Structures are given as structure tokens and as C-alpha cells.
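These protein sequence lines are chains A and B, in that order.
Taking our numbering, the leading residue of the first sequence gets 1, the next gets one more, and so forth.
Taking our numbering, the leading residue of the second sequence gets 1, the next gets one more, and so forth.
These are computed hints drawn from the structure, not numbers from a lab.
Predicted model, so just to flag it, every value in this text is computed and none were measured.
Backbone N, C-alpha and C fix where the C-beta goes; we use that ideal spot for every residue, glycine too.
Warning: the hint list may mix true and false statements.
[Unchecked claim] Listed next, the stretches of chain B that the computed footprint assigns to chain A, with coverage defined by at least 3 CB atoms under 8 angstroms from CB atoms of chain A: (1) 52 to 64; (2) 121 to 129; (3) 169 to 181; (4) 184 to 198.
Spelled out from the first residue to the last, the chains are:
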Amino acid sequence: MRSASRILSLAVLAFAIVSLGFGGGSASPAHAGEVPLPNPAKAFKGTQCVEPTDVMRRNHMSFLKHQRDETLREGIRGQKYSLNECIDCHAVTSPDVAGGKVRTLKPFCKECHDYAAVSIDCFSCHTGAAVPGIGKTSELPADHAEKALTAALEKHLDAGARAQ
Amino acid sequence: MTDRRQDDMSTVDSATPDASRRAFLKGGAAAAAVVTLAPGVTLYATGADAAVTGPATSAKRWGMLIDANADAGVWDVAVAACQKEQGWGGGENPATDPQWIRKVTVKNPKTGATANMPVMCQHCDEPPCVDVCPTGASMKRADGIVLVDKHICIGCRFCMMACPYAARSFVHEPVQGQKPHMPRGKGTVEACTMCVHRVDRGQQPACVEALAASGSTAMMFGDLNDPNSDISRAVSKYVTQRIRADLNVGPGIHYRGI
Ligand code: SF4
Ligand code: SF4
Numbered sequence: 001m002r003s004a005s006r007i008l009s010l011a012v013l014a015f016a017i018v019s020l021g022f023g024g025g026s027a028s029p030a031h032a033g034e035v036p037l038p039n040p041a042k043a044f045k046g047t048q049c050v051e052p053t054d055v056m057r058r059n060h061m062s063f064l065k066h067q068r069d070e071t072l073r074e075g076i077r078g079q080k081y082s083l084n085e086c087i088d089c090h091a092v093t094s095p096d097v098a099g100g101k102v103r104t105l106k107p108f109c110k111e112c113h114d115y116a117a118v119s120i121d122c123f124s125c126h127t128g129a130a131v132p133g134i135g136k137t138s139e140l141p142a143d144h145a146e147k148a149l150t151a152a153l154e155k156h157l158d159a160g161a162r163a164q
Numbered sequence: 001m002t003d004r005r006q007d008d009m010s011t012v013d014s015a016t017p018d019a020s021r022r023a024f025l026k027g028g029a030a031a032a033a034v035v036t037l038a039p040g041v042t043l044y045a046t047g048a049d050a051a052v053t054g055p056a057t058s059a060k061r062w063g064m065l066i067d068a069n070a071d072a073g074v075w076d077v078a079v080a081a082c083q084k085e086q087g088w089g090g091g092e093n094p095a096t097d098p099q100w101i102r103k104v105t106v107k108n109p110k111t112g113a114t115a116n117m118p119v120m121c122q123h124c125d126e127p128p129c130v131d132v133c134p135t136g137a138s139m140k141r142a143d144g145i146v147l148v149d150k151h152i153c154i155g156c157r158f159c160m161m162a163c164p165y166a167a168r169s170f171v172h173e174p175v176q177g178q179k180p181h182m183p184r185g186k187g188t189v190e191a192c193t194m195c196v197h198r199v200d201r202g203q204q205p206a207c208v209e210a211l212a213a214s215g216s217t218a219m220m221f222g223d224l225n226d227p228n229s230d231i232s233r234a235v236s237k238y239v240t241q242r243i244r245a246d247l248n249v250g251p252g253i254h255y256r257g258i
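Input sequences plus hints: build the corresponding full structure.
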């Protein structure tokens, strides 16, 4: 029951934002038909990333590139910015990947990369799949399934509200 | 760019005068620590620096000694171990599928004597593959391990033509299910990495370990620069050879019995 009312309130909220913010209550919001804003899933572990979110959004590519060169070419290992650690926290299941049976990083990255028309392709070589022991802790929190479901519903409702 | 040597711990020290917290953070073998220093000020220490290893230096020169007198069957064990560790093999096009290490049989046409040995990247001191690479993708680490930086490899295959040992392969097909430590992808060149991911953890390459586990001493791995290492002692004790030593590329793989 709690989740049903949550969904309802989310739907109302999403609709209110869309109609007040963009459409002014009219039947054809100005932003209809535009590419939906990215909505990447929250980190499963619910912990703080290695840098604040805004820093990661802007600089993750430099961090990863800098460190990959040091790892591969100089043999420095165990530093802060590790793709495997990204996978450990941010890999999600998606029906597009192996029928939703594996947790991978691809759908998480895709959210913003699609929006920004970024076509970097880490995952034709890196699997992106979460395997036991890939990160410092590969354990998911107990409420992971519940959180993932809520996130998926929020996204769905968001997309629906925007389409109105 | 953030300095890789930036010391999280020293930041912590200057940020908090609280000795017990400092001790907790310093001694924390835990991967991550979260400390609330003051209301609204939360400190996240990843502890990552504590586990940083490297860089590789020229103080070491990794190499192998392979005894071709060993029973021919052990080389199949070595090849299988490499495939399992690195995730290659099992393709449908044997003529073009990547092959990081293979069992080679040589025969003296005059006497008829044969020998079997594994051949893989010889991790040359002066690698021709590095000389010809137009992008800098082919590279030698300071400790002698020769790698392909697939991030910048353009798949031109010059290195494959330059390598005297046919040690490198081009990936023709899309790859799935790669190992987290060994990204592999279509359009790049790859070869034996001397299990650099294991060596950096202080372990032996997978082939060497598999042979040792099967009770064979036919492959030995170690630091050729350390006169007291097992491999240096063996190399100074037995007559060893390197394949095509006449080319003067200085292979890091030594053989006995060929
Ligand atoms: S054996 Fe071939 S691939 Fe390996 S370092 Fe020598 S030239 Fe390069
Ligand atoms: S195939 Fe890649 S590693 Fe080999 S020479 Fe070309 S760019 Fe360099």
C-alpha cells in the first residue's frame, strides 16, 4: 500500500512539474517530443562516490583516462578511480543486457551518454559486468531490489509524465 | 588533474586534531571509512592509497625459463591455463582466432630429434613491435613486460608483421564475457601479457602456476635482474638459449633443451 501511494504521489508530482514548469497547464507542453532528460539509477550501495557527484559528472572521464594510463603503462595499481569500482557500485540490471540476468555498467553510462550524444565505447572491450570480487565489496545492500524497483518506477512515471 | 600521490591520510591529519579518529583512520585496514568531523562536515576516506602498488621499475626484469625437455603434455596444461585466465580461445575460426601461447614442435631434419615447447610473446628487451607501432600502443613497461595499450591501438597490425615470433594476434570477431582484468575487443591486437595483473599482485603467471600445480617444474618465472632469484640461478647454471638470439632483440624468455 505504501508503495502504491508513493507511486501516485510521484505521478502527481511529476505531472505538476511538467504542467506548471513547462506547459503552463496547456495541453501541449513546450518540451514535448524532446529527448528525455537522463535519469541514471542511484548507486546500489547508497554510499558516497570517490568524489562529490558534480565533480564526477564533469570529470569522471579525465579521472578514468588518467588512471588507466598509469595502470597500464606504469603499473601503478590500487588507485582511487577504478572502472571496476564504478561497476561495483553502479552496475544495474537491464532487459537490454543478457535478458536482465547480469548486473552491468552499460545502462548506467548510457543514460547520460545517449542524452549528450557521447559515443565512447568502453564496453566493446570491458565487460562492464559485475562479478564477485570485482570491487572492494561486491555485496549488495539488503534493500537493493526494492530500491531498484522504485528507481525503475520513478523513471517510468517520469517518462510518462513528460510524454503528456 | 588530481595528483595521484595526493595523500588522503595527511588531509585527514590536518583536518582533525582528534587523535583517536586519526588513529582509527591510519590503522583502518577497512576499505572505506566515513567520519563525521562536525555537523555537516563528513569526511570520506577511501583508503585507496594504502593499497596503491607500483610503479613498475627497471630494477626488475621479469622473465621465464622454459625446459623443452619436459614431457610434451605439460604444454597443453600451460595453454589451457592461459585461455582460462585471460578468456581467449574457443572461437570458430582456428586460422584467425587469437592465440596467445601455442605448443610448437620442432624437428632436426638431420637427426630426426624433436622437441616441444610453448611459444608466446618473448617480452623482448628491444621489441620490434614497439619500434613499428605508429600510435605508441605497443609499449614496454619498465620491468620488461611488453603490452598493447588497446585504448590507442588502431588495429593496423604492423606489430604483427614486425614480431619475429608471430606472438601477436588480431581480434577479428566481437568478444563477449571478457575477464575484468583483461579487456579484449575486436579491432585490436593482443598477446601474452606475462599475466601482468597477477605479477603486480606478487603472483606467478597462470601458465607457470598451473604447471607447478600439476607437479611440473618445466616453467619458471622470476626476476632476471636479481642474482639470487631462482630463475637467475638456473640461467647461470644451465646452458640456455633464446629463440632467434641472432636477431638481438633480447627476449626475456629463456629455453633449455632446444
Ligand atoms: S615477441 Fe613479438 S610481440 Fe613480444 S615483445 Fe617481441 S616483438 Fe613484441
Ligand atoms: S596493431 Fe595496434 S599495437 Fe600493433 S602496431 Fe598497429 S596500433 Fe600498434
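Okay, the hints, checked on the actual structure:
{"no.": "1", "hint": "52 to 64", "verdict": "holds (count 5)"}
{"no.": "2", "hint": "121 to 129", "verdict": "violated (count 0)"}
{"no.": "3", "hint": "169 to 181", "verdict": "holds (count 7)"}
{"no.": "4", "hint": "184 to 198", "verdict": "holds (count 5)"}
In terms of the numbered hints stated before, the structure departs from hint 2 and from no other.
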